[in-house]
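Chains as they are written, first to last, in our numbering: chain F, 1048 to 1981; chain D, 84 to 235.
No lab work stands behind these hints, which were simulated from the structure alone. Just so it is clear, the structure is predicted and the values come from calculations on it, not from any experiment. Any given hint could be a false lead.
[What the hints assert, rightly or not] Calculated cross-link-like contacts (lysine to any residue; reagent style SDA-like; alpha-carbon spacing at most 20 Å):
(1) D:K120 to F:D1248
(2) D:K120 to F:D1241
(3) F:K1845 to F:Q1900
(4) F:K1481 to D:I123
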Amino acid sequence: MTYEHDIDYGTPAKKTDKAVTVEIDGRTITVPEGTSVMRAAREGGVDIPSLCATDSIKEYGSCRLCLIEVDGVRGTPASCTTPVSEGMSVKTTSDRLTQLRRGIMELYISDHPDDDSPLHDMARLVGLEGNRYGKDGHNHLKTIIDDSNPYFSFDPAKCILCARCVRACEEVQGTFALTIDGRGFDSKIAAGTDQDFLSSDCVSCGACVQACPTDSLFEKRAMEMGKPEKTVITTCAYCGVGCGFKAEVKNDEVVSMMPWKEGQANQGHSCVKGRFAWDYAIHEDRILNPMIRENITDPWQKVGWDEAIDFAAKRLMDIQKEHGRKSIGGITSSRCTNEEVFVVQKLIRAGFKNNNVDTCARVCHSPTGYGLRETLGTSAGTQTFDSVMDTDVMMVIGANPPDAHPVFASQMKRRLREGAKLIVIDPRKTGLVKSPHVKADFHLPLQPGTNVAMINAIAHTVMTEGLMNQDYINERCDTDAFNDWLDFIIQPQNSPEVVSEYTGVNAEDIREAARLYATGGNAAIYYGLGVTEHSQGSTMVIGMANLAMATGNIGRLGVGVNPLRGQNNVQGSCDMGSFPHEFPGYRPVGNDEARGEFEEEWGVDLDPVPGYRIPNMFDAAVDGKYKAMYIQGEDVAQSDPNTHHVEAAMNALDLLIVQDLFLNETARFAHVFFPGTSFLEKNGTFTNAERRISRVRKVMEPVQGMDEWEITCRLGRAMGYDMHYNNASEIMDEIARLTPTFRNVSFDLLDEKGSVQWPCNEKAPEGTPIMHIDGFVRGKGNFILTEYVPTTERSTRKFPLILTTGRILSQYNVGAQTRRTKNNVWHDKDVLDIHPHDAENRGIVDGDMVMIQSRMGETVLEARITENMQPGVVYTTFHMPESGANIITTDNSDWATSCPEYKVTAVEVRQTNRKSDWQEEFDDFSESTRHIAE
Amino acid sequence: MVNTDKAVEVINQYIDIPGGLLECLHGIQSVFGFVPKETIDDIADGFNISRAEVHGVISYYHDFKTSPRGKKVVRICQAEACQSMGSRDLTRRVEEILGVKIDETRVDGAVSLETVYCFGNCALSPNVEIDGKLHARVTSDNFEKLVKGEEA
Ligand code: SF4
Ligand code: SF4
Ligand code: FES
Ligand code: FES
Chain F
1048 MTYEHDIDYG
1058 TPAKKTDKAV
1068 TVEIDGRTIT
1078 VPEGTSVMRA
1088 AREGGVDIPS
1098 LCATDSIKEY
1108 GSCRLCLIEV
1118 DGVRGTPASC
1128 TTPVSEGMSV
1138 KTTSDRLTQL
1148 RRGIMELYIS
1158 DHPDDDSPLH
1168 DMARLVGLEG
1178 NRYGKDGHNH
1188 LKTIIDDSNP
1198 YFSFDPAKCI
1208 LCARCVRACE
1218 EVQGTFALTI
1228 DGRGFDSKIA
1238 AGTDQDFLSS
1248 DCVSCGACVQ
1258 ACPTDSLFEK
1268 RAMEMGKPEK
1278 TVITTCAYCG
1288 VGCGFKAEVK
1298 NDEVVSMMPW
1308 KEGQANQGHS
1318 CVKGRFAWDY
1328 AIHEDRILNP
1338 MIRENITDPW
1348 QKVGWDEAID
1358 FAAKRLMDIQ
1368 KEHGRKSIGG
1378 ITSSRCTNEE
1388 VFVVQKLIRA
1398 GFKNNNVDTC
1408 ARVCHSPTGY
1418 GLRETLGTSA
1428 GTQTFDSVMD
1438 TDVMMVIGAN
1448 PPDAHPVFAS
1458 QMKRRLREGA
1468 KLIVIDPRKT
1478 GLVKSPHVKA
1488 DFHLPLQPGT
1498 NVAMINAIAH
1508 TVMTEGLMNQ
1518 DYINERCDTD
1528 AFNDWLDFII
1538 QPQNSPEVVS
1548 EYTGVNAEDI
1558 REAARLYATG
1568 GNAAIYYGLG
1578 VTEHSQGSTM
1588 VIGMANLAMA
1598 TGNIGRLGVG
1608 VNPLRGQNNV
1618 QGSCDMGSFP
1628 HEFPGYRPVG
1638 NDEARGEFEE
1648 EWGVDLDPVP
1658 GYRIPNMFDA
1668 AVDGKYKAMY
1678 IQGEDVAQSD
1688 PNTHHVEAAM
1698 NALDLLIVQD
1708 LFLNETARFA
1718 HVFFPGTSFL
1728 EKNGTFTNAE
1738 RRISRVRKVM
1748 EPVQGMDEWE
1758 ITCRLGRAMG
1768 YDMHYNNASE
1778 IMDEIARLTP
1788 TFRNVSFDLL
1798 DEKGSVQWPC
1808 NEKAPEGTPI
1818 MHIDGFVRGK
1828 GNFILTEYVP
1838 TTERSTRKFP
1848 LILTTGRILS
1858 QYNVGAQTRR
1868 TKNNVWHDKD
1878 VLDIHPHDAE
1888 NRGIVDGDMV
1898 MIQSRMGETV
1908 LEARITENMQ
1918 PGVVYTTFHM
1928 PESGANIITT
1938 DNSDWATSCP
1948 EYKVTAVEVR
1958 QTNRKSDWQE
1968 EFDDFSESTR
1978 HIAE
Chain D
84 MVNTDKAVEV
94 INQYIDIPGG
104 LLECLHGIQS
114 VFGFVPKETI
124 DDIADGFNIS
134 RAEVHGVISY
144 YHDFKTSPRG
154 KKVVRICQAE
164 ACQSMGSRDL
174 TRRVEEILGV
184 KIDETRVDGA
194 VSLETVYCFG
204 NCALSPNVEI
214 DGKLHARVTS
224 DNFEKLVKGE
234 EA
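Bound conformation, chain F alone (with noise of 0.2 Å):
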């Protein structure tokens, strides 16, 4: 592994064709045109020392330590500041310079605590032994710490005002939450309006901790455990952006994960969860050992691996005697690496000989898959992260990235401070719709569930404007396709005046925003959840690909139609061949030539018919026909829509075995628990939501003893299925045999380059960023027409409010994670967010206690009143399992896919002084349903 140090450039890298050659030190160094000195030098190997610059934010020049010297040139300019120019001979040590460093450095060091920090590695560096001027006179060094942050603390004695953190947070970040508080010797670097950082703007990224050159800002775990031994490159296991961390390890243990420079998905950046919410991983909560039960009401009895996996197959051989080949099952994880899941999926076909998997993406992201394999040919989002720095109009429609995508945020928000135009479709005020430095264009706040309106009422505004794309659609498209879509799209129950009725979005704005996508430039559409979790998600899906086809927005940097993947692995569970329909890279069970090389590679004769998928699973089991689950990392009884039924259907199983991290709601029906493995335990890969392969490397062997997959095969074994690997890397390479995108993947490709993005095969050996470049992959576009059909879920009289769910940064989905973690700080419960007007219509006012019921159910949130929310809407976020937000969801879901309708469910919502019944019993069940026999 080649990635132990990042180098600090100093200033960012100039991207320009233009090169410029100087000589610096006598070396000769060719640079692209605008770099600084400073970078010159030191990509030429050439160390200047310096103080304010850091490469991830522009030059400031304000230390004065990188001193040169410039032939021709009086004075002593400073390298951070000064480009290249051809033909500039530079010397960046000399008598002169060495005393000015020094002197410089001696006044720092004068207001400085004595004890070593990084900055007296620089006076050494510099040549200054102790200081002239003592530490008697006016000097900040009794200063306060401020402790209020979880994970970090500012200690500002050690401060040199060099403003990287400042700039750190407006220049990465994008929070602008810090500032110097006033001038000259009295100014100091301040949070929020003098506040601590808790209470101020600031979101835990963790960027100006990485950036402060003195540890003024520091790791409070870092500064206890001390200096890392070594470090282990991995990828973030929360979201779908897959940022690459370096772990610094001590002694086994993490002492802290620091974004990693080289990781493309993330270059460097981080959110407050992959930086310092990873220790769940650690928590007391993990379960260590096997545990097994004849009934969920016993109490767990912890028992050997080899009891716990013969007490399951046994049983799962029995029911499927009893009861069918069919009558079991099992789901996969998003949480889980690529090879995790490969061997799940192989154990249920090759083993259980039936197509019974799915996938928690089902009720997430399927849409996506659906939507985009039909018009476009690839299940998949067309672009990378970095595309969107080209981009001049995004669009966002149903996402909410500075909460969920926090790192894509900020370069979104980057961009969009360069000046790129911003359209969000959004019945939420969100936090990109407006924050510094970044306003919306067009804001469309729509009804929930009438996304499929809007998207035609955008495109009828570009066919009927004469804003498409013709050539690019005779091109590229299937021209009777496209011609049957136009006369639809074309009708007038399309236009922005009729939809406007139901999207409650006035004509014109929508108009508006239609003109700027089609005419501004390159545009892009991000999407999420909010987009696929509705009866029309796919419909919705196949809408955005056509406008994006109409426009000729696909196929090149900077446009693109591209899905914010939920969880770390969501692209890749489903790429492994995690759906009932489907083998490892969405080739159909049915077909006879895929499955003929899934059988020799396997060795077994496969089901050619199509398995259950999760709803259906539930219902079966409700009617007794499916017995038998093995759900791998994934808490269903919290995360599913309709909890009742979903509790019904796990009641009614003979047998369910659950692989986790922690007994989690699923596990109180459990009657096998399989201890899992956290990411810091696991080798393998995940791909992230721009198709990018990353690996994922072990910190420390398994705590519970075996790698989650060799838990997999081993149940195969059990049962007679022999399954085998040395490594996860032998998964890959299978993986790789078996999958035409992915014919050229192997750990080794993936340790030399980092990351590769699939197809990575014999056409693009090392991966291929943005998809469709010189044509769609299934042939020609497909249009496909997206008629706006109602959900049944409408508010009513006794329902009139529409409820909407969604997730806040510091917590990520169902909490099992993080609610183990200090982000509690920032949410410890989710409430509901109610529009002023709604609120005072209730008599209810803010932190009141009140009932939210639907025609599903009812439970009980805290209310907060915003004027985020659109009046008639109102939102809660779905963290904490007692808040029961899937009690009052509905069982409505996507017409295509299943994916549950989570975004739309008409409530009423009313002032309460009490828990909801399901809350009381959830209350009591929790305690009833955990006990360990000790």
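Since chain F is already given, all that's left is putting chain D with the ligands on it; use the hints.
Quick look at chain D with the ligands alone, frame taken from chain F:
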């Protein structure tokens, strides 16, 4: 209570002017006599910048006050010439005499002590201004008299 509607009115006059933030802050100050904390969110929102940035600007310019001024306003020069003539020591003494720290207003609201960087009267340093009247060559002794004299 600060009338934030009034503040928003002022803010709206300046948001479209380049560099309007400084003028806006002056505008707010002339309405309220200082820049009330309660207006910062609206200013940030109006100019679409962060609260920290607003705070940075307010704290950079000594002209902007963040609390109502006292009945009596004493301003002491802290720039080079006055400093070299002992304005720092003078400031410490004045703080003691008045019972208020520099750049603060006494809790009873009777007096504010403010920093100034150069009155343009360097030849006669150190300089102190009391309620708009400039006094040159001030020492701690004659300061006490000046303050008392005016109070009497
Ligand atoms: S942690 Fe991030 S958001 Fe908070 S102050 Fe630092 S850079 Fe800004
Ligand atoms: S806290 Fe660190 S980064 Fe920020 S100004 Fe002080 S020394 Fe520089
Ligand atoms: S590094 Fe160049 S002036 Fe600070
Ligand atoms: S320095 Fe005080 S008046 Fe000029």
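Now for the hints, and whether the structure bears them out:
| no. | hint | result |
| --- | --- | --- |
| 1 | D:K120 to F:D1248 | holds (16 Å) |
| 2 | D:K120 to F:D1241 | holds (11 Å) |
| 3 | F:K1845 to F:Q1900 | holds (10 Å) |
| 4 | F:K1481 to D:I123 | holds (16 Å) |
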